[in-house]
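With the hints as constraints, model all of the structure from the sequences given.
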Amino acid sequence: MGEEELHQLVKGCLKDDRLSQKLLYKAYYGFAMGICLRYAANRYEASEIMNQGFYKVFKNLAKYDLTKPFKAWLGRIMVNTSIDYYRSNLKIAYTEELDKAEHINDTEFADRNLNYTELLDMISQLPRAYRTIFNLFAIEGYTHEEIGEMLNISIGTSKSNLHKAREKLKVMITESNKMPGQTNRQVNDNIVPINHTKHTDLSISFVNNVTKR
Amino acid sequence: MKEEKENSIDKLFSQGLSEPGDNASYREEDWDAMEAMLDGKKKKGITRSFTDTGEQHCCNVAAGYWLAVYLNPAVKTR
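Line by line, the protein sequences are chains A and B.
Residue numbers for the first sequence follow my numbering, so the first one is 1 and each next one is one higher.
Residue numbers for the second sequence follow my numbering, so the first one is 1001 and each next one is one higher.
To be clear, the hints were calculated from the coordinates, so they are not data collected in a lab.
Check the hints yourself; a few may be wrong.
Within a straight-line C-alpha distance of at most 30 Å, the following computed DSBU-like cross-link-like pairs (lysine-lysine) qualify [claimed, not checked]:
| no. | chain 1 | residue 1 | chain 2 | residue 2 |
| --- | --- | --- | --- | --- |
| 1 | A | K56 | A | K68 |
| 2 | B | K1041 | A | K15 |
| 3 | B | K1011 | A | K15 |
| 4 | A | K59 | A | K15 |
| 5 | A | K56 | A | K15 |
| 6 | A | K68 | B | K1011 |
| 7 | A | K59 | B | K1011 |
| 8 | A | K59 | A | K159 |
| 9 | B | K1041 | A | K26 |
| 10 | A | K22 | A | K63 |
| 11 | A | K63 | A | K26 |
| 12 | B | K1011 | A | K159 |
| 13 | A | K22 | A | K11 |
| 14 | A | K11 | A | K56 |
| 15 | A | K11 | B | K1041 |
| 16 | A | K26 | A | K59 |
| 17 | A | K68 | A | K15 |
| 18 | A | K26 | A | K15 |
| 19 | A | K68 | A | K26 |
| 20 | A | K22 | A | K71 |
| 21 | A | K22 | A | K59 |
| 22 | A | K26 | A | K71 |
| 23 | B | K1011 | A | K63 |
| 24 | A | K63 | A | K15 |
| 25 | A | K26 | A | K56 |
| 26 | A | K63 | A | K11 |
| 27 | B | K1011 | A | K71 |
| 28 | A | K56 | A | K71 |
| 29 | A | K59 | A | K11 |
| 30 | A | K68 | A | K22 |
| 31 | B | K1041 | A | K63 |
| 32 | A | K11 | A | K26 |
| 33 | A | K22 | B | K1041 |
Beta-carbon label-pair distances, calculated as ranges [said to hold, decoys possible]:
| no. | chain 1 | residue 1 | chain 2 | residue 2 | range |
| --- | --- | --- | --- | --- | --- |
| 34 | B | A1062 | A | W73 | 44 to 54 Å |
| 35 | B | E1029 | A | I155 | 40 to 50 Å |
| 36 | A | S88 | B | E1029 | 14 to 24 Å |
| 37 | B | E1019 | A | G2 | 20 to 30 Å |
| 38 | B | K1011 | A | K59 | 28 to 38 Å |
| 39 | A | D84 | B | A1062 | 34 to 44 Å |
| 40 | A | K15 | B | K1011 | 38 to 48 Å |
Think of the CB as a built atom: it goes at the ideal place given N, C-alpha and C, for glycine as much as any other residue.
Following this line, the structure appears as structure tokens:
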């Protein structure tokens, strides 16, 4: 999307013009969903987080500085909304399986040939606390100090959870090598696949995930 | 050295998850939910909608009745 087009849409959104809102939503849907999918346990949860994020975008668009990149501003809102979602489900996050990390021999993992779906499937199998910290550190590039402040946890907890997340991911990668095309499902067996197209009520999807445990 | 090896996991995921492709393809029902939020008709979570409705009130009345009838010493002695 060109800068001029974006500015026109922003102007329209500031006037609460529904068509402009929809066009802006559609234009950045893939980018925003890509972020939310990494933090959520499944597609439905990701949609819920993404819409909460877009709601903040539409309500705070007047604060957006038009001279700065819109994508960066939107991305920060999506990450912050994902963290808010994590915080609002903190009790659930800490009752999930948080265990001792099994140490796997270090091998070179960066050159593994795993596609987006396989990687996302692995990340979504992590307990919420591990997943959030792994995303913030490994993908967004935040430091342990920043993560500690964001999640209200100690630096030690952040480091320890990151280590456990990496170890769990290593196990999953190793297992997926044994069974090509099939990732290891240790936890969250009841997660709805992200490419599942059947419409499900968003309000009950998360509760179902929790109650089945 | 160890950190470098562990970074290979980070690298694998940060690169591999950078392009969601079809996994993040647009869905009209998501916009419908968004529009409902913007219109102030936000779909509430199951817990919240339960507490907001008369069902909660009915449960409270039923629980109160049960406590009054079955835990009342006068009823027990009968």
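Q: Kindly indicate which numbered hints from before are broken by the structure, ordering the numbers from low to high.
A: Of the numbered hints given earlier, those the structure breaks are 3, 7, 8, 23, listed in rising order.
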